[in-house]
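Trainee: Spelled out, the chains give:
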Amino acid sequence: MTTTPSLHEDQPQLSWTRYLGFSTDAKVIGIQYIVLAFFFFLIGGFLAMIIRGELLTPPADLVDRTVYNGLYTMHGTIMLFLFIFPVLNGLNNLLIPTMIGAPDMAFPRLNTAAFWLVPVFGFLLIASFFVPGGPAYSGWWSYPPVSIQNPLGHLISGQSLWLLAVALSGVSSIMGAINFVTTILRMRAPGMSLFRMPVFCWTALAAQSLQLIGLPALTGGAVMLLFDLTVGTSFYRPEGGGDPVLYQHFFWFYSHPAVYVIILPVFGVFSELFPVYSRKPLFGYVYVCLASFIIVGLGLIVWVHHMFPSGVTMWMRNLFMFTTMLIAVPTGVKVFAWLGTLWRGKIQLTTPMLFCLGGLINFVFAGITGIMLATVPIDIHVSNTYFVVGHFHYVIYGAAVMGIFAAIYHWFPKFTGRMPYEGLGKLHFVLTFIGANLNFLPMHPLGLMGMPRRVSSYDPEFAFWNVLASLGAFLLGVSIIPFLLNMISSWARGPKATHNPWNAIGLEWLLPSPPPVENFEEHVPTVISRPYGYGTGLPLVEHQAEIERQLILQEASA
Amino acid sequence: MTPTPISINRPAVIAVSLWVGLLIGISRWVGLQSYHWFPVQASTAAPLVDGLFSFETAIGTFVFLAVASVMAWVILRHRAEKYDASDAEPIEGNTKLEIIWTAIPFVLVMAIAVYAMKVNTSLGVLGPMEHIHLADAREQQGGYAGDRLPAESIEVVARQWSWEFRYPEAGVSSTELHLPVDQPVTFRLVSEDVLHGFFIPAFRLKQDVIPGRAINFNLTPTRVGRYRLRDSQFSGTWFAANQADVVVDSQEDYQAWLKQAAHLPLQAGISDAVAEYQQRQQQTRTPGWATVKPAPPPQVNVPGSNALPHDA
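The listed protein sequences derive, respectively, from chains A and B.
Going by our numbering, the letters in the first sequence line up with residues 67 to 624, in that order.
Going by our numbering, the letters in the second sequence line up with residues 2 to 313, in that order.
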């Protein structure tokens with residue numbers, strides 16, 4: 067792996083080994099997050115391959131039932147806590163300082179600590195495969211009493227390591243959230259008022275506020291569960307006067323908003339990329355910004371829709387059905403804004419644009435099944451069935467992961483200084499889009515027919531759709547190969563990237579590729595207009611022509 | 002869907018109207034198709050749930066196809082020419098459109114919610130909170146008009162991993178659930194260990210069974226047949242094998258079954274988990290990871306079967 071010679075004269079040569087050690091540079095930490103997240107993505111994906119292999123046939127014949135339960139639990143846990151949250155924090159680290167013109171995060175050492183907790187709790191989780199009795203097997207929800215049954219009775223069990231890891235993950239995310247929120251609120255470039263801030267930063271601010279409000283509930287709930295498991299307290303133990311349903315409230319009070327923590331930044335990515343590749347301003351910028359915070363507000367009062375069959379009262383069922391339905395309104399505002407942006411644009415079907423378009427249509431599908439799930443009588447039938455599994459995989463893989471891929475292809479040149487290959491990128495898109503739909507669409511009929519989720523065996527009438535889903539899953543497994551090839555080869559010897567290869571508008575595109583350690587250093591440009599001024603001819607910052615001319619000169623002399 | 006008010010173009014208006022008409026037609030058809038995606042309807046709840054789902058499927062199909070149409074049109078017709086790197090005409094927004102596309106979804110989802118709330122009320126499977134308690138099930142009348150009191154009250158005991166059904170009046174117990182057709186039934190759901198889910202897909206009903214609580218749950222089967230009861234809340238190692246059959250009988254068959262069952266001696270009921278666990282113990286090296294030991298099979302009058310062909 068080579069490093070590009072720095073474009074700033076006063077810049078020392080940077081070795082790639084800085085990615086292996088403790089760094090306080092947000093751009094290094096960002097790449098550390100993303101690379102580590104994809105390492106865990108491969109592990110989580112491998113577990114998914116075994117899961118779909120088991121479900122290829124009705125009986126439990128590939129792995130033992132105990133192993134199946136451990137695998138699906140760890141698949142969900144790894145994908146959420148070790149892939150998607152870290153990869154998004156990686157994007158936050160790369161994009162937030164460069165987009166707002168800050169030299170780094172507000173608290174660089176807190177940032178380092180937050181990152182290095184990830185390999186620590188990642189190690190704990192992976193280590194839990196090797197403790198006596200195997201890893202946690204009670205699902206990523208870890209509902210008691212199953213999660214506190216502890217068949218071997220050891221203090222160190224898969225479940226106790228799992229809970230420790232989740233609590234540490236919560237601590238790490240809270241540290242990250244404090245940093246992101248502070249940076250966005252306090253370190254914007256001169257002239258960048260909130261309504262001149264890129265939508266990605268708006269969505270990151272919204273998502274990280276949710277982390278700050280919600281995570282204490284989950285972390286506290288998990289610690290109480292750990293006490294029930296290890297020292298015999300009875301917070302959730304019915305025979306000791308505890309209430310197992312109480313845990314569900316703690317868990318979903320955070321874990322439903324967690325979905326918005328994941329999807330909001332992806333909405334941010336869509337809002338950044340559609341204007342670039344349609345060559346048009348974002349339609350209704352202010353409404354898109356505000357919609358994120360309406361989603362935050364509503365997102366905090368919908369959690370009981372995960373518990374409709376748990377024995378909640380009728381008035382709660384009805385109330386939470388209404389609040390959940392309302393989420394469709396701000397989300398719809400965003401979807402229509404993106405369509406308005408595309409309309410009469412000059413569409414360029416680049417790899418990032420394809421991932422955005424694919425992610426958008428998958429998201430619309432997920433939104434419709436989401437409305438169905440909000441409807442109490444339908445939810446009563448399909449909750450805890452494959453219909454729900456299909457719905458959230460459309461959200462998480464079909465929309466969020468596709469959006470993350472779009473972001474990686476789009477900002478790859480900025481932070482590595484190299485261009486990714488378009489051909490491999492498009493192949494990656496086609497395989498991902500077909501694979502995801504083939505994998506997750508068949509889960510909906512399965513759920514309607516009554517196949518419960520988390521089963522290691524099933525009745526023969528479910529075989530047909532399961533075979534299709536498994537084929538889709540294996541295709542998704544293959545789809546990651548062109549992505550990895552693309553990333554490794556283009557980072558090592560891809561064509562050099564200019565400072566603005568996509569002709570995009572934004573502070574990050576007024577920096578060299580890759581940006582120097584302190585970004586703009588003391589020469590932070592003054593923002594004079596709203597983002598996404600495509601076709602308006604308005605400059606984003608003062609002296610923009612001069613800044614761009616210098617960047618081009620530097621590139622020519624390099 | 003035209004984001005900018007352009008001068009009225011008659012052919013375009015006609016084409017868009019025809020297209021919307023076609024989408025409405027397709028959506029209605031998909032909505033009707035959706036009835037076939039479910040198992041047979043075997044309870045009073047099923048037609049209500051399926052009807053609501055069909056309604057939402059039709060609306061959802063229309064929204065999805067409309068969005069997909071706009072995207073397809075844009076991709077086909079608004080592509081940048083090769084080597085055209087110029088910007089498009091800057092349209093920054095339109096407040097009137099924002100109001101429209103906030104108001105229409107709002108009205109739509111509220112309409113769905115009100116419809117669903119009505120269905121909820123007529124389902125009335127679970128009454129208000131006072132109905133979840135440790136009292137005798139027969140005190141309850143939740144969800145029924147005063148003149149249609151549930152004829153039968155059946156106690157359902159969920160365990161890791163078996164289902165036991167007790168008929169206190171007849172003094173019968175079974176691991177196969179028998180119900181009379183067209184008669185309201187009240188269940189008293191209890192769990193002896195962890196959370197379980199009482200889920201009968203053909204009835205479209207589901208209720209978690211929560212240790213430490215007794216939950217009254219009402220339903221009325223409407224179709225004679227054999228259906229699956231599945232555990233729907235993850236309950237540990239043999240969660241997937243925790244299935245029982247629900248047999249809906251005619252009135253006479255049901256009474257005959259009860260009468261006959263009352264004379265049978267107690268014997269071990271169905272527990273697939275116990276059978277698998279014993280096999281597992283016989284192996285020289287226990288496969289896999291740690292598991293909780295299954296509860297012994299319940300002692301019942303009628304074990305029944307969970308291996309016969311079922312309607313859903």
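These are computed hints drawn from the structure, not numbers from a lab.
Quick caveat, the model's predicted, so the values are computed rather than measured.
All C-beta atoms in this analysis are idealised placements derived from N, C-alpha and C, irrespective of residue type, glycine included.
Heads up, some of the hints might be wrong.
What the hints assert, rightly or not - FRET-style restraints, in silico, Cβ to Cβ:
#1 A/T379 <-> B/V41: 29 to 35 Å
#2 A/P185 <-> B/Q282: 51 to 57 Å
#3 A/P256 <-> B/T96: 51 to 57 Å
#4 B/R11 <-> A/T379: 34 to 40 Å
#5 B/S87 <-> A/L356: 26 to 32 Å
#6 A/P125 <-> B/T285: 42 to 48 Å
#7 B/T96 <-> A/G363: 20 to 26 Å
Trainee: Each hint needs a verdict: does it hold in this structure or not?
Mentor: Structure-based check of all given hints:
1. A/T379 <-> B/V41: 29 to 35 Å: holds (31 Å)
2. A/P185 <-> B/Q282: 51 to 57 Å: For A/P185 and B/Q282 the Cβ distance comes to about 39 Å; the hint is violated.
3. A/P256 <-> B/T96: 51 to 57 Å: With Cβ atoms ~30 Å apart, the hint is violated.
4. B/R11 <-> A/T379: 34 to 40 Å: violated (56 Å)
5. B/S87 <-> A/L356: 26 to 32 Å: For B/S87 and A/L356 the Cβ distance comes to about 31 Å; the hint holds.
6. A/P125 <-> B/T285: 42 to 48 Å: violated (22 Å)
7. B/T96 <-> A/G363: 20 to 26 Å: holds (22 Å)
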